[in-house]
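K.L.:
One line per chain: the protein sequences are W and F, in this order. Note that the first sequence covers residues 0 to 307 in numbering that gives the first Met the number 0. Note that the second sequence covers residues 0 to 455 in numbering that gives the first Met the number 0.
These are computed hints drawn from the structure, not numbers from a lab. Mixed in with the good hints, there may be bad ones.
Stated by the list, open to error - Covered by chain F, per the in silico footprint, the following chain W stretches (three or more residues, Cβ under 8 angstroms):
1) 55-62
2) 81-87
3) 217-227
Unchecked claim - No more than 20 angstroms apart at the CA atoms, straight line, and that leaves these computed lysine-lysine pairs for PhoX-like:
4) F/K303 / F/K385
5) F/K251 / F/K236
6) F/K236 / F/K253
7) F/K94 / W/K60
8) F/K441 / W/K60
9) F/K303 / W/K68
10) F/K80 / F/K333
11) W/K60 / F/K80
Said to hold, decoys possible - Derived contacts from chain F toward chain W, CB cut-off under 10 angstroms, selection only:
12) A98
13) S171
14) N242
15) A265
16) N361
No residue lacks a Cβ here, since even glycine has one placed at the ideal position from N, Cα and C.
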Amino acid sequence: MTTQAIDERRAAKRRADRHRYRDTKLAYLLLAPVVILLGIFVAWPAVYAAFLSFQDWSFYKDPQFVGGKNYVDVLTDPLFVATIGRGFLFVLMTVPPMLVLAFLFASLVVSVSRRFATVLKVSIYIPTIISSVIASIVFVLIYTYDGGILNAVLAVFHIDPVAWIGDPAWALLSVAVPAVWLGMGITSLIMVAAMVDIPTEYYEAAAMEGAGWWQKTFYITMPQMKNVFLYLLITGFVAAIQQFELPLVMTQGGPLDSTTLPNLFIFNHFRNDVNVGYSIAAALLLFVVLGSVSALVFKFINSERLVD
Amino acid sequence: MKTDTQRTRRVVMAALGGITAVGLLAGCGSSTPGQAAGDGGDSSGKTTIEFWHRTFTPPENAWYKDIVKRFNASQDKIVVKDTEIPADAWDQKMKAAQAAGKAPDIYTHSGSIQDAVNAGQLYDLGKVVDTSKLDEIIDSAKSVSEIGGTYYAYPLLQEAQTVLFWNKDMLSKAGVDTDKGPATWDDLLADCAKIQPTLAQGQYCISPASDAITFAWSTVGQQYNFAGHTALTDDWKSPDIDNAAYRDLMSKYKELWDKGYMPKQALAAYVEGKDFGQKKVAFKVSGSWMMSEIGSDYPDLLTKTGIGAFPNASNADGRTATTLGNFKWVIDAKSKHADAAGKFLEWSLAGDPQNLVPFFVNTQFTKVPVRKSVQEAVAKDEAAAKAPWSSVITNDIAPDAIPEPTYPWDVSLAVGTAMESVMKGAASPDDAIKTADAAIQKVIQSQDLPSKAPKK
């Protein structure tokens, strides 16, 4: 009797499972292309890179195990430490100004007529579709010491020409400007979308209470957009610290390494070093830095402070 | 009926999934440019080899194209496929090809071959090129092509990397001697003091090296000129830059910078003559190759251009202020067709001198051949008489120039960074030298340089 009951229950479970998991095979099959591609292009290279970071390898001779030497070399290299610090400085130079400008721009877009808003949206999005290499070249022309537009404008006000990308004091800022310009489009559009989503009743109620633009912005718009701000903060941070093409094309990391951002530093080592161990170790360490900061911000996002 | 539809749908979905996977993977395996041509053989029994060379000046690029074409026409067993790579893309393209095991069979190589040989990247030329041909390489070029009695590279040319050019019109306008360049740094600074008031806006007295990387490779001769040695002791055990001579050299550049004799942002790269050609500078420091650019791109300036050795330190004692750069051809150690690559190299560089004459003539006699027979053939060319600067380069500058350093690049870069820091006022000479000293010390330790020092 008992055995029969158990058997029946098992059979029932099997039927249910068959019903529940009847698409399992198909699901695996459909996932296969992506899993295989990720395996080949992400998982395996990551594992292999971790393996190679403990070796001296020049592509021609067999890799030689050197223990943690590459990591010690990277961590004790003042240039690597400086380059990470510079990455954070670049984030400070680009992300906050971009968020503020995009916010102001989005506020403008939602307050004008629909037709004019479209014109504004299209014009702010144009830089996003321009290749960063082209943008770099355009900005190099603008920054040209002799004959560049910027110095020509300064000359009108009798200001001496400035070596924008030749002077270590100005170079990083000069690279940050096109970075903000390129990133403004998508940031602004995301903010516009977030603003449009805020129920108009809030504003109507506030208006009836006599609230002005500042009050509406501080007490309604900004709190309602908190999640969007945090999303833009994270993506902006990751994109800025990984910025590579702008300094590569505009300054090649100079003058005096003042624009050598982390990825360019790693790239230069990969390009110049005979052995690749150092560059791989540096890349993995950058991955750790990026991962830690992103994890911290994500923790912040998931914290209770954000529950409305 | 319902079951049938479901089954059909499932089959279709499965097929689609499979096709997508296969399609994506097949897409990934497609051929890439620069890939070595399979086993290099085709049905007609011809061997195809890949040859990569950088973009140089227009006459050089034309010679490279021509020599490949003529070699391919001269025989029917080997086909050389040549690819011109922009100079600034060279390093990453080559590195990517090496990483993928698809480096070209034969390619151009600049600078020291020491690191590449240590890493096992270069093929022993003695195995594929006739010994008598290798023996033809003149002594001054041997140090860049052989290590420990084994040849790994065949030089095409030698050229002075630091030469002073001047615009005779601009100098005479300021009352400065146009026949001879300034002999010492003091003379140069005095000339600039005279020239500066005569310049229009946007014009400068001189355009020298101005960034760390260019300083690193182009001022090794100047370091030797000032100090009598370069940045490492002979045994490669310690840095050798914490001395008055290095401080003096840096202070000279700082003076050019502070007095506004040079632009605060380079108007053109060190290796190119655009700023000089556009008459934006009275003096230009570059390699001897710049003369061929003037010849091809700014012919009206050719007769108005003066050329001479770079100014000396006041205590130079006749030491040179330039290194002798070079471009060599090397065969990749992993090449499956080293024999064919060797034949191409032998025919082009080590064969009939007439194959090389156009190269040296069209580059305005600004480079020095590395074989006596080629030097003689070039000297016999009619145009040689019309190129008075060629004797300045060949007789005054090249003979006592020192070869490029064989120590690692990071050592040179530490010095270059110090020079730029001091020049731009970003660091005091003491601090900059201290930083460079520490950086070189780190290279010595991490790369165990004493064990790699050249044997006397």
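K.L.:
Hint by hint, note whether the structure agrees.
P.N.:
A quick look at each hint next to the structure:
Proximity of the segment 55-62 of chain W to chain F, defined as three or more residues with a beta carbon under 8 angstroms from a beta carbon of that chain, is established by the 4 residues found. Proximity of the segment 81-87 of chain W to chain F, defined as three or more residues with a beta carbon under 8 angstroms from a beta carbon of that chain, is not established by the 0 residues found. Check on the segment 217-227 of chain W: 0 of its residues sit with their Cβ under 8 angstroms from a Cβ of chain F, so the three-residue criterion for coverage is violated. Distance hint between F/K303 and F/K385 is fulfilled; the C-alpha atoms sit about 14 angstroms from each other, no more than 20 angstroms.
A hinted pair counts as satisfied when its Cα atoms are at most 20 angstroms apart, and F/K251 with F/K236 does not qualify at roughly 28 angstroms. Distance hint between F/K236 and F/K253 is unfulfilled; the C-alpha atoms sit about 30 angstroms from each other, more than 20 angstroms. Between the alpha carbons of F/K94 and W/K60 the distance comes to roughly 15 angstroms, so the proposed pair stays at or under 20 angstroms and holds. Between the alpha carbons of F/K441 and W/K60 the distance comes to roughly 25 angstroms, so the proposed pair goes past 20 angstroms and is violated.
Among the hinted pairs, F/K303 with W/K68 is inconsistent with the structure: their alpha-carbon atoms are about 56 angstroms apart, more than 20 angstroms. Our distance criterion of 20 angstroms between C-alpha atoms is met by F/K80 and F/K333, whose separation comes to about 17 angstroms. A C-alpha spacing of about 27 angstroms is found between W/K60 and F/K80, which places the hinted pair above 20 angstroms, so the restraint is violated. Satisfaction of the interface hint for F/A98 is found here, the shortest Cβ-Cβ separation to chain W being roughly 6 angstroms, below the 10 angstroms cut-off.
Interface hint at F/S171: violated, since its Cβ lies 24 angstroms from the closest Cβ of chain W, which is beyond the 10 angstroms cut-off. Because the smallest distance between the Cβ of F/N242 and any Cβ of chain W comes to about 22 angstroms, over 10 angstroms, the interface hint for this residue is violated. Annotation: F/A265 was flagged as interfacial toward chain W, and the flag holds, the nearest CB pair being 7 angstroms apart, inside 10 angstroms. A hinted interface residue such as F/N361 counts as satisfied when its beta carbon comes closer than 10 angstroms to some beta carbon of chain W; here the least separation is about 30 angstroms, so the hint is violated.
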